[in-house]
Amino acid sequence: MKRLNRSRGGTIALFGFIAIIACFSAFPMVLVVGNSLKSLSELWKFPPTIFPKNPTLKNYVDMFNAMSSSVVPFSRYLVNTILITVLGTLANVIAGSMAAYSLCKLHYPGRDFIFGLVVKALMFNTTVTAIPLYVIMSNLGIVDSLWSVILPTLGSTLSLYLIKQFMEQSIPDSILEAARLDGASEWRVFWKIIMPNIKPAWCTAILLSVQTYWNTLPNMLIYSEEKKTLAYVLNQISASGLSRAGVTAAITVFMMIVPITVFLASQSQVLQTMATSGMKD
Amino acid sequence: MKMKKRKKSAITRRNRMGIIFVLPFIIGLFVFFIPALFNLFRFSMSDIQVLSGGRGYSLDFVGLSYYRKALMEDPKFNRMLLELLGTVLVQTPIILIFSLLIASILNQEFHGRTLARVIFFIPVIVSTGAIAYVQNNWVSIMTVSDLGNALADSSSSGVYALLERIDVGQGLIQVIVEAANGLNRIIRSSGMQIYVLLAALQEIPSSIYEAAKVEGCSAWECFWKITIPSVVPQIIICAVYTLISIFTATDTEIYEYIVNQEFVNNQLSFAAAMNVLYLMGVGVCLLVGGGIIKLGNLHKD
Chain Z
1 MKRLNRSRGG TIALFGFIAI IACFSAFPMV LVVGNSLKSL SELWKFPPTI FPKNPTLKNY
61 VDMFNAMSSS VVPFSRYLVN TILITVLGTL ANVIAGSMAA YSLCKLHYPG RDFIFGLVVK
121 ALMFNTTVTA IPLYVIMSNL GIVDSLWSVI LPTLGSTLSL YLIKQFMEQS IPDSILEAAR
181 LDGASEWRVF WKIIMPNIKP AWCTAILLSV QTYWNTLPNM LIYSEEKKTL AYVLNQISAS
241 GLSRAGVTAA ITVFMMIVPI TVFLASQSQV LQTMATSGMK D
Chain A
282 MKMKKRKKSA ITRRNRMGII FVLPFIIGLF VFFIPALFNL FRFSMSDIQV LSGGRGYSLD
342 FVGLSYYRKA LMEDPKFNRM LLELLGTVLV QTPIILIFSL LIASILNQEF HGRTLARVIF
402 FIPVIVSTGA IAYVQNNWVS IMTVSDLGNA LADSSSSGVY ALLERIDVGQ GLIQVIVEAA
462 NGLNRIIRSS GMQIYVLLAA LQEIPSSIYE AAKVEGCSAW ECFWKITIPS VVPQIIICAV
522 YTLISIFTAT DTEIYEYIVN QEFVNNQLSF AAAMNVLYLM GVGVCLLVGG GIIKLGNLHK
582 D
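If you're matching them up, the sequences are chains Z and A in order.
With the working numbering applied, the first sequence corresponds to residues 1 to 281, in that order.
With the working numbering applied, the second sequence corresponds to residues 282 to 582, in that order.
Treat the hints with caution; some may be incorrect.
Stated by the list, open to error - Computed cross-link-like contacts, DSBU-like style, restricted to lysine-lysine with a CA-CA straight-line distance of at most 35 Å:
#, chain 1, residue 1, chain 2, residue 2
1, Z, Lys120, A, Lys494
2, Z, Lys105, Z, Lys199
3, Z, Lys58, Z, Lys120
4, A, Lys506, Z, Lys199
5, A, Lys350, Z, Lys199
6, A, Lys494, A, Lys575
7, Z, Lys120, Z, Lys105
8, A, Lys494, A, Lys506
9, A, Lys357, Z, Lys120
10, Z, Lys120, Z, Lys192
11, A, Lys357, Z, Lys199
12, A, Lys575, A, Lys506
13, Z, Lys192, Z, Lys105
14, Z, Lys120, A, Lys350
15, Z, Lys105, A, Lys506
16, Z, Lys105, A, Lys350
17, Z, Lys53, A, Lys357
These are computed hints drawn from the structure, not numbers from a lab.
Predicted, not measured: the structure shown is a model, and the values here were computed from it.
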């Protein structure tokens, strides 16, 4: 950790700069939270206010009312979303770590080719292949099921890339050799040595993956009402016109709760572990 | 001899495990990604007829005519594709430099450091749906006379209205708005990079800096001779991440245009041809980027 050693003026200028940037970064959040607490008449004021003058929880009440009047019980959407998020994240992180270990520390023909494919697949906008993908899933018979959301993401994931790069840096080959000499199987090496030591990497992977799945909006792939997700129903509620602007803000805040909780739970973990892991050659 | 043989078989076993470990990805790639890509090519060179009664579709081969349409006849596509490539070339280095700058500041000890880190990263994890809209357009939203206009028209007309009230010159208004929007865009797309670089900076032991200082290195020299070389791998990760996020962004003009052709106008083949061209553009960017990284490595040797 570096200590500050510069003139007082320089320090002030530097932190002034950071403060301005931080304002830019935090402002949209503050605005949305503020909007969710405003009454409709205050929302349309000009010049707009940032903090509500007469905070009200009406938007949240409206949101819950709209939720309870949905066609399918609201809990159904919630369960679907939680299922997709948990299964998808687990699959992504475990499969991603395993593949990263394989691509990083094991040697076999075609390895670099596979890694090249994985990185290139990441560059593709999924919507680019939306219709061909739909045809494939329709042939496999998984359209209109939760699998249609989870399975296609297995072939292209940022988790694999991030974990692999982290592994290259932080796990020396010698420790793996030592474990193998002691008779550990690859499976055991992976769970007992690799996984504990790349915790920061998979924490980051969990974070990104939870965010993606939690907000997933599988418009094309799922059409049965009882299989739709939270993001879908909330989108429907907020799509019904400008009079719902306050409710939209409330929904946005509501949807942010889970990703932010996961982030707050993992961030100290990630940065601390990164700072102290001393497994170097 | 016997020893050698046993060693060899252990290595083969390990390699077999390697393939098993990577199998989910290979399956994912070969079941979904590659066939989808193949179908995209096929669609782009055919007329698609959706058969009635859910019997699928039929294809008539028409060669490159849709590519011709996209490149020669369509008034917008060429320009939008070039603009995307321009964005990549300009934004990637700016984002990387900016992230490194912020990460080095955040790496120092000061009160509220954790809060600052949270503030810089949270935009990454909440940037979907309505909040993404606000993140992109708050400069406009804050200044238009009513939110309805902001939602209907995301141009920055409202900012002009406000600045005209303050009565500054037209040219200056333009500059202020562009700068604010540009800064906003860069901050919004740097969260992840700041995070990765910050973690990398924390890995550098402080003893190196102390030793350098004893030897008489200035802060500037320390930055170039110690900090930069230590974080080169992470800079490459960030470059890849930045490219990914630019190419997969859903708020670009070209993306909206293609999606509109595909789902609203039902021009499936035309959209497929434009998608293939888009992918080729991505490919060119990757080749150029890869070339630059290779050159950098050669230079280092």
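Quick rundown of the hints versus the structure:
no.: 1; hint: Z:Lys120 - A:Lys494; result: violated (43 Å)
no.: 2; hint: Z:Lys105 - Z:Lys199; result: holds (17 Å)
no.: 3; hint: Z:Lys58 - Z:Lys120; result: violated (47 Å)
no.: 4; hint: A:Lys506 - Z:Lys199; result: holds (30 Å)
no.: 5; hint: A:Lys350 - Z:Lys199; result: violated (50 Å)
no.: 6; hint: A:Lys494 - A:Lys575; result: holds (32 Å)
no.: 7; hint: Z:Lys120 - Z:Lys105; result: holds (21 Å)
no.: 8; hint: A:Lys494 - A:Lys506; result: holds (12 Å)
no.: 9; hint: A:Lys357 - Z:Lys120; result: holds (27 Å)
no.: 10; hint: Z:Lys120 - Z:Lys192; result: holds (31 Å)
no.: 11; hint: A:Lys357 - Z:Lys199; result: violated (47 Å)
no.: 12; hint: A:Lys575 - A:Lys506; result: holds (20 Å)
no.: 13; hint: Z:Lys192 - Z:Lys105; result: holds (15 Å)
no.: 14; hint: Z:Lys120 - A:Lys350; result: holds (27 Å)
no.: 15; hint: Z:Lys105 - A:Lys506; result: holds (30 Å)
no.: 16; hint: Z:Lys105 - A:Lys350; result: violated (48 Å)
no.: 17; hint: Z:Lys53 - A:Lys357; result: violated (46 Å)
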